[in-house]
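Starting from the known structure of chain Y, arrange chains W, S and B on it as the hints suggest.
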Amino acid sequence: MQSEKQSNSLTRQVIQSISDASLVPFLAILTAVVVGGVIIAFVGGDPLLAYRGLIQGSFGSTKALSETAVWATPYIFAGLAVALAFKGGLFNIGAEGQLAVGAVASSLIGYALPEWLGYDLPAIIHLPLAIIFGILMGGLWAGIVGWLKAYTGGHEVINTIMMNYIALNTTSFLLNGVMKDRSPTNVIARTPLIADSARIPPLFEGLRVHWGFILALLVAFLIWWLLNKTTLGFQIRTVGLNPDAAKYAGINVKRIIILTMVLSGMLAGMAGTIEVTGLNYRHELGFSIGYGYDAIAIALLGKSHPLGVVLSAFLFAAMRNGATRMQFLTQMPVDLISMLQAFILLFVAADAIVRYIYRIKSKGERVVLTRGWGG
Amino acid sequence: MKKLYFVMALLIVASMILTACGAGAPSAEDCTKEEVFCVGLVTDVGKINDKSFNQSAWEGVQKSQADGVADVVQFIETADAKDYAKNIAQFGDAGYDVIVTVGFGLGEATDAAAATYPNVRFIGVDQFQAETVAGVSGLNFPEDNAGFLVGALAAAMSESHKIGAVCGTDVVPPVWRFGEGYKAGAAYADGMNGTTTEVFVVYHSDVGFDKTFTDPEWGAQTAKSMMDQGADAIFGCGGLTGNGAVTAAAQAGAYGIGVDTDQYLTLPEAAPRMLSSAMKLITPGVADLIAATKDGSIADGNVFGAAGYAPFHDLDSEVPAEVKAMMEEINTGLLDGSIKTNVPPVKP
Amino acid sequence: MDWKRFGFIALIIIVLFGTVVMIGQVKQPPILIITSMLATTIAVATPLTLGALSGVYCERAGVVNIGIEGMMLTAAFFGWLGAIYMFNVFGRDAGLSIALGVFFAILSGLLMALLHAVLSITFKVDQIIGGTVINILAVGLTGFLNRQLFFGKGSVFGGSVPGSPGVLPTIHIPLTEIFTPICGASASCLQNLIAINRVFDQKPIAISAILLVFFSHYVLFNTRWGLRTRAVGEHPKAADTVGINVVKMRYLNVLIGGMFAGLAGAYFTIESVPSFEPLLTNGRGFISLAAMIFGNWTPIGAWAASLVFGASQALLINMQIFRDVIPPQWSFLQESYIVGLTPYILTMFILTGIIGKTTPPAADGVPYEK
Amino acid sequence: MTEANIVLEAKNITKQFPGVLANDRVNFDLRKGEIHALLGENGAGKSTLMNLIYGLHLPDKGEIFVNGKPIEIKSPNDSIAAGIGMVHQHFMLIPVFTVAENVMLGDEVTKRGSLDRATVAAKINEISKQYGLDVDPNALVGDLPVGLQQRVEIVKTLYRNAEIVILDEPTAVLTPQEAEDLFRIMHDLTARGVSIIFITHKLKEVLAVADRITVMRAGHVVNTVPPSETNEAQLANMMVGRQVILTVEKKDHQASGDILKVENLFVRDQRGLETIHNVSFTVRGGEILGIAGVQGNGQTELSEAITGLRAVQSGKVLIDEQDLTDKSPRFMTAAGLAHIPEDRQRHGLVLSYSVADNMALCDYYRPPFSNRGVIQQKALDENARNLISAFDVRTPSPFVNAGKLSGGNQQKVIVARELSRENVKLVIANQPTRGLDVGSIEYIHSEIIKMRDRGVAVLLISAELDEIMALSDRIVVMYRGQIVATVETKQATREQLGLWMAGAHVETA
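Chains as they are written, first to last, in the numbering used here: chain Y, 1 to 375; chain W, 1001 to 1348; chain S, 2001 to 2370; chain B, 3001 to 3509.
Just chain Y, with the same shape it has in the complex (with noise of 0.2 Å):
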């Protein structure tokens, strides 16, 4: 009898649990949507017509849905990375620059390559070659932070924006100098063309949606499977969790910390790579503008889940990609894409506001992302 009706609270709490990590999210989505719909009315738009163009501009057509697609892969490799880093208990606000080195090495192999050898390379060989050394460098760029975290303590937060910073400037650098593009018709920072060989083929004929986009979704089963199933996953967790207790548990935390900011990196990086050989064909100064920042709003969204992170870079994605059409109907500015992207974060940031708004009772624990800068 006793046992019974404790099983019972039992399940009623797992219950409660469950649907209160997906309410919340929920309901931040609905009132963001509900506040940048009174911000829209104010400054006299109309938000239904906004809205309906935000929609049809993501989902209306098979060509819409394929450029959600299409922005929805960096995303959920960023996203990936930031919300990797948050389980290894770290702050990676460097994405954004991760992504940026990483697009300069895989295009530099995408069109470099074939001038050094002197001979065309099979897809088979260059393709994974252009992706490996992207993804390594926005590893090993991470790894810098992560290396300067476990050996000096210097926090990770502003070791990242620092690392943006040099990023970008150095990417410059390269773009304005040794890998311009000099075809006389050219004018802009980019590189030249990617070989043939170095591109990630198109899904289906006449659509942008590359094969990066199915690669996204496994490398996110990968990443779930990785942090859930396995002892280096478990690693990441228990020293994001407590490292005190994951140094006395034998665990290498100095180890794992590079680790997990090299994985981190790897996977922003990837971000990085997959634009210029799926979509871009080259890399363009600037490209990538907030990606990173982006990245933050859909790990925290997604709740650091990878499931919950590729849901949430759709909807990051197809807000993005609706905006054209949103604008094309109502002319209302991009921006207002960003400022309901706030919204959602804060709300799901802050969900004692949304359980305060829809009287829902809280029952978890806090989960700690990140800690001071002593930490």
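I should point out that these hints are in silico values taken from the structure, not numbers from a laboratory. Quick caveat: nothing in here was measured; it's all calculated off a predicted structure. Each hint should be verified, as a subset may be incorrect.
[Unchecked claim] Simulated pairs of lysine-lysine, DSSO-like, Cα-Cα distance not exceeding 27 Å:
#1 B:LYS3204 to B:LYS3032
#2 S:LYS2124 to B:LYS3074
#3 B:LYS3404 to S:LYS2370
#4 S:LYS2370 to B:LYS3327
#5 B:LYS3378 to Y:LYS229
#6 B:LYS3261 to B:LYS3250
#7 B:LYS3074 to B:LYS3032
#8 B:LYS3074 to S:LYS2237
#9 B:LYS3327 to B:LYS3425
This is chains W, S and B only, laid out in the frame that chain Y set:
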């Protein structure tokens, strides 16, 4: 956790259903009709009110509407380079007659769209056409001439014989042509007047591409730094960064020289000390090309717009007659080709 | 005082100045270069100093603030907007409009800080995430309003940006006038005097930033307010047990921090250049944060660090001015992308703790739970 | 018993925390000039009651009277104004502030807006002379030893003119002699009319100093008695609610060869200060070596250095003649070390992991828990079920987060994980029973003795002298990072150990 994803998936599905139910765009005028002349504009990554080329081009489109040429005008701001094609397609699919794309960055997307929409006239601002593409007219300007003119003016007017230019990144050829033209113009004036003028030209190349044109604070500091070292005329070339420099110069009592349009009109805070502007007449250029499209006289390939210098406005009385005469002489010389700036189109 | 740290800072500034003097002396007398660089350094350091002070107040009270960037951006926008509305819509005279602009900037910084306080103190949201929310929100909000209010349908200004009432005036300190007699007839002496005077002729926000540094340092380490602020940042429970209202102290300090960030925002659009551009703060809020850490969470230290960043900016500008006289062996100084890395690499170097360990307040970033 | 004498009275105090009824209709009174001891197990509700009186929490029900008048205490400000001061178990001092700054915080003296440190220092000197407290107002608190920090806390209450002083477990961090000194100070205070509430769980101290004793258990007051009418056994019975065996039963030990050998060890703490100087000792198989000493004399650093959590400056750590100096914790575990860490929530557990995950925290990478880098969930669960029943861990299921368990059961999770490992040769138990209820303490003590009887070497570190004396076969005493004495337990006396703990140097007995 499953429920979370279920709910989010539901949200996406629900939005798709909503789309299916939603009707098409409720447009007052239907651009697909033959008799309705529609003009759409796609900006480069940036804002329509950037006080620079996006805005000037849009004003050209608006002018064509005011002139009764265009019936419907509309713009889309590009937020990300990968949306170029999609943004152009919005207008293409809606049956617009003219699509203006602003900036070199849209060049490839414009050429590609011209093939997809053969009935649409594309006007590419600052898009030099190396090869003629059917349906695309590239609108270009000799920025070096404009820079040359104001360079000569600044050198002639400077009392300290030190003049400066604060520019966006030299990676963008029009900016570089402005800056180098400025130097060449000053040297030309020195030759005429027997003076030696020191020219400081600073490009804002130390930051990312996204910030080089939008950093007025840096522009102001750089201008101040030049004035601290004696410069008494500052040419601001390069979007908002340059605007900051010109404003700072005007506030310190030095001569300010604007860029692109007659900035006496767009930078009221610098107007009292605005000596002139190196003009690149995008607005009339765009409006003219739209009108030419309507009457069928437009051709594919490159079209060159006008460049010149703006009136002296408030400072008219300060400019000596011989300087005014010199300016007219140089302007004529540049137009008839007897004076050459010797600035190559792209930074070597 | 942390002499090692200040010595290092002084050394960097001397190296930066020395480089420019060495290269530029063929074109300009050193005194002119130094005074010009000093003026640039102080001006560039102004928003950084104020931003760093904002961080010092928040973090000394135990609230991490990476939202300085967003607070500055918001304040820059609303300060400018307020001045323009006062000037053009309500027809106030320019002086009053500018003054009210400063007021609106500080107010909007305060409101953003209030949001941060509500999130991080009341709702105990992770403080770094709270700051990120502020930063993203500020970009969206200012971008949207800037576009919509001036270019949207029904804008009172009908599509064009109206004239602003101008900027705060320079306060002239009459050193030249006072010391002219000493120079006598020497023209070069007078010229130097004018050059030196230019360093001291600063605008109100730049001057108040320096005054506020010393004021804040005094307040933080010598007054009741400061003692209590530091107490809630070091050990909030201990402060609670002696009857100090931890939540109130944290709120007030975050709000003060917001006002400082607001003043920093006002610098951009009301003191320096009277126009607003999207993203105009360009990451200076993050540099402020670095300056705060660089200065080990003290106002004077943060100021000194801001001066380093100012000096490296002055170096950059001057390297371009003297571009054609840079000797070939120093040619890398022409590459502004590379020279531009100086402040970022310096920051990362400082964070390694080689130059004295930086120690944040013990409870920085930790929400207080009774 | 006249009413007028009563300075503080709490009536019908009830306080509910989520899941716990911490105080249930508690009545308590304090007379002027008396020392009233409040006795109870960990979690009995003593600290809660005091926090309510001090205003750190608000009671759900009940009233508090000071000098016969009902007062409402909403924050420490109210209690301070009513003349109540409290010395918390975990000191409420800010290490980077000076003594003067700490003392004046919240009640600052200012001169023209500026802190008047001189006046405060003078007042502190005056107080410290009056009560023989001897603290330097200009010292940084972080540099002071624990005993002096406690005096700073007392000065803090006196600076605020407290008439009622609450001392929460004040002797936990003191040597017996320092405790005697504290009792003297307490009597000095009562002689001047100050009334003291003395919270403790140590029976001997209560009988020695209290004028009255109130015993609490599970949120209730069991009884209030004068010390003359009771004894240790009766008090223990009241605290726990059943007969308690006050001594630990154990057989004579059969020591074998040396298992752990520590030779000339030097260790630094995180601030770079040398906290362990030249420490050498051995632990034999089948023996419990107790390390006695006041908290903060290097015990933490010593256990961390041996277990591989902290770098060794110089010296050697050997297990079974194998040099394991500066090996990683993983290596040590593999070599046969079981470590029950000092702070179970910080080091021993990941609170948001399940009990099952925590039970494999150190062995997750080994078969059967892992197969080529992939976690085997089934093996994890099975292991957890076995250990839960073997070590009597009270948990609804293996999948519950460790953070949801009580302190005693959390500690049992650690003990189960560590002691169940097959290759254990050496157990290092640092403060294994701190903060636990008597039932859990008894259980953990018996598990430690079981290990000893199996021939395992046990190094026990505890600040509780009683625990050391009850369990150890041999005792070494640490003082300021050095071993000042080694003694067979049978030949040790409390007094002598106390002297050593206070630094009295003797040759190894």
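*Can you give the numbers of the hints that this structure goes against, from lowest to highest?*
4
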